[in-house]
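Sequence order for the protein chains is A and B. Counting in the numbering used here, the first sequence runs from 1 upward without gaps. Counting in the numbering used here, the second sequence runs from 1 upward without gaps.
Hints in this document: simulated from the structure, not taken from any laboratory. Bear in mind the structure is a predicted one, so any value in this text is a computation, not a measurement. Mixed in with the good hints there might be a few duds.
As the list claims (entries may be wrong) - Example chain A residues on the side facing chain B (calculated, C-beta under 8 Å, incomplete):
| hint | residue |
| --- | --- |
| 1 | 28 |
| 2 | 48 |
| 3 | 51 |
| 4 | 52 |
| 5 | 59 |
| 6 | 62 |
| 7 | 64 |
| 8 | 65 |
| 9 | 67 |
| 10 | 69 |
| 11 | 74 |
| 12 | 127 |
| 13 | 131 |
C-beta atoms are modelled at their ideal positions from N, C-alpha and C, and glycine is treated no differently.
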Amino acid sequence: MVNQLLFLYCALVIIGTALLTVRFKNPVHSVLAVLVLFFHMAGLYLLLNAEFLAAIQIIVYAGAILVLYLFVLFLVNLRQEVKVERFVASHRLSALVSICLGICLLAILPFFKLGAKGNYPVGRIEQLTHTKAMGLEIYSTFLLPFEIAGLILLIAVIGGLVLARNDKEVAENELSDSPSAGTCEVQE
Amino acid sequence: MMTIWSSWIWESKNHEHCLPAGESMHYLIIVLQIALLLAIVLLHVAYVTYFERKIIGHMQVRLGPMLVGWHGLLQPIADGIKSFFKEDIIPEQADKPLFLAAPIICLVTMLTSLAVLPFARGWVLADINIGLLFIFAMSSLASYGIILAGWASNSKYTFLGGMRSMAQVISYEIPLGLSLVGVMMLSGSLNLSEIVAAQGTSLFSTYLFPQCIGFFVFFIAMLAETNRVPFDLPEAETELVSGYITEYSGMRYAMFFMAEYIGMMVMASIGTVCFLGGWNGPFAIPFFPPFWFILKVYGFLFLFIWIRATLPRYRYDQLMALGWKVLIPLALLNIFLTGLFKVLVS
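Given these sequences and hints, build the entire structure.
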């Protein structure tokens, strides 16, 4: 019973904060709504006995990625409320579309089936500890997908490096080309 | 749809059973333990500030606080009462909800990490399997308090302080985490009690010696993570007034202060647990098992204060270069060496 209530709470907060993220006008407030959302995602993982994933969710997403988002927000604009043009001009049309989508989602729900049970029932995970169970699985059964994911990330890192280097060189070349190099500001 | 929900809740109701009388007693005891821990830690915060002023005073050939009580012993209590009754000023242009929330975020995250620290065998509030990760998670969240304080105050100095803190915490969290990976590899656990148990009881079996590179990286990253001298750029008083806390006053200022000192204690405890063998000492102390643990934490706190009295502040680019170009490669090297050692031994 307690578990169900906790799940209900987490689920409701996740939906609520997700809506708030879109509704807030100030981007910093939106980021904070996402922060609360990540917290409750971690809560859902905990309810599933996946404590390692819960910790990683908070460390990586809340502690690193969202902070970087804030950083970018601060660098881009300070306390300016963004005015965005309406995506769909008519109010009624957008309401209709979203209600239809909502009905579709609700209609799909009853067809949801639990998947087949795997090798790791709750008792075994508790005995092994979740961290160890995940490590064993990742480095034995799912080694190839894991390595592929690593390779993709490596490509992204190298790509970022190359892009940053190019910009810097261009900026330096422009600086040395222009006659008033001393007074010119570095162009991004 | 409704039938699914109702059957689901119904099923769970059938499994429900009443709490036995012993269970509610158990929760009462946990609440009492939490209250006791909070009281002890907050008292420690008060007196760490006292000893900081005293020690720095004596190192600079001054006396430090002397007037309130014998040798100024009641000074922290007087300070606490003063900050409690001071006017609470909120700047007009501040983002009010975030301005009010920032010190609470800082303090709560720091207090939460106290829950997983093992003070002696069995003296731990929550003996969870991911203790070390939990501490990382909480310390990374504490940076939100600082960032938000800097942004919500709507002032140049606080904003610069917040930005610096953000960059610093992101950069130094990586070496901090990597430096402890060696400890995780040797002990094979993330549970803090098990890490202590894996180190054995003698001084030479602690991880201080096999993990000396890890300890070096950890120590420097710890100073940076807690925003202490020589890495106290977020609150550099000579250039930023007092950084992200410039606009705060009274009790809210005191909350940031408490968060900083509790952060120091948590980091000192992690250092003690992971590298110095936790509660184990040369001989067992009867009736008070956490004696050695507390002594080691005091040692760390003294080091914090000693460094503050000795070293000048780093320049910002030096700070970044140290974190990314020295500490992270060293921590990676340490992981590689530890892995190599483990393979060769087994």
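Hint-by-hint comparison with the structure:
1. 28: Since chain B brings a Cβ to about 6 Å from residue 28/A, closer than 8 Å, the hint holds.
2. 48: 14 Å, violated
3. 51: Nearest chain B Cβ about 5 Å off; hint holds.
4. 52: Given a least distance of 6 Å, the restraint on residue 52/A holds.
5. 59: This interface hint holds because 5 Å falls under the 8 Å limit.
6. 62: 6 Å, holds
7. 64: Hint holds; residue 64/A Cβ to chain B Cβ min 6 Å, cut 8 Å.
8. 65: 10 Å, violated
9. 67: 6 Å, holds
10. 69: 11 Å, violated
11. 74: 6 Å, holds
12. 127: 11 Å, violated
13. 131: 6 Å, holds
Checked against the numbered hints given earlier, this structure breaks hints 2, 8, 10, 12; the rest are met.
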